[in-house]
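There are 2 protein chains.
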Amino acid sequence: MVVVLYVIIVYDVGEERVNKVRIYLKQYLNWVQNSVLEGELTEPEYMKIMNGLREIIDETLDHVICYKSRDRRYLNIDEVGTKKAEISTII
Amino acid sequence: MVVVLYVIIVYDVGEERVNKVRIYLKQYLNWVQNSVLEGELTEPEYMKIMNGLREIIDETLDHVICYKSRDRRYLNIDEVGTKKAEISTII
Chain U
1 MVVVLYVIIV
11 YDVGEERVNK
21 VRIYLKQYLN
31 WVQNSVLEGE
41 LTEPEYMKIM
51 NGLREIIDET
61 LDHVICYKSR
71 DRRYLNIDEV
81 GTKKAEISTI
91 I
Chain P
1 MVVVLYVIIV
11 YDVGEERVNK
21 VRIYLKQYLN
31 WVQNSVLEGE
41 LTEPEYMKIM
51 NGLREIIDET
61 LDHVICYKSR
71 DRRYLNIDEV
81 GTKKAEISTI
91 I
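Sequences listed follow chains U and P, in order.
Quick note on my numbering: the first sequence kicks off at 1 and runs consecutively.
Quick note on my numbering: the second sequence kicks off at 1 and runs consecutively.
Keep in mind that the hints were calculated from the coordinates and are not lab data.
Just to be clear, a hint being listed does not mean it is correct.
Here are some chain U residues pointing at chain P (derived, C-beta under 10 Å) [as the list claims (entries may be wrong)]:
(1) Y11
(2) I65
(3) D78
Where is the CB? At the ideal position from N, CA and C, for every residue including glycine.
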C-alpha cells in the first residue's frame, strides 16, 4: 500500500533563491500563500523533495519547515482574509 | 475535558500590519519562522484569536491560514537549513 502524506511546506530563503525554491516545489505541491505550499505526496516523493531542497537552498542561511500529516482529515484548515493571486514567476 | 489543538498559523499581510499581527499572535503562539507561528490552544482561545485577527488585518488585502490538528502527534515536523533569529520588533 502506498502511504500518502499531506504535506505543508513553509520556507524562508534568501531572495536570490526564492524563485528557484518556488518553481521546484510547485512541481509537486500547490501554491497556497507566499512561501507556503500544500499537497499530497508519497513517502518516496517526500524524501526526493527534501533532498532536492537541500541542493537548492543555502543550509546556513535558509530555513524550510515541512509539516506532515498521515491523513488530510487529521488537519482542519481555516482561512481569514483573501487569498492572494500568486506572483507570476518570470523565468 | 479541555480539548487542546495544535495550531500552525501562516500569514501574508500588508507591511503596515505585519508587526501588529506578529505581536498579537506571539501572545498565544511561538514564533517559528518569518510569518509562521505554532503552538497549543484550546478551542475558546483559538476562536478568540481568529476574531482578534479579523480586527487587525484588512480582510480584502491580507490572508491568514490556520492549520489545526487535534493532536500534536498526528503531525511530523522536519526542518531543513537553519532556523533564523526572530527579527526584533521595535515598537
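Status of the hints after comparison with the structure:
1. Y11: This hint holds: Y11 (chain U) lies near chain P, its Cβ roughly 8 Å from the closest one there, short of 10 Å.
2. I65: Hint on I65 (chain U): holds, closest Cβ of chain P at ~5 Å, below 10 Å.
3. D78: 4 Å, holds
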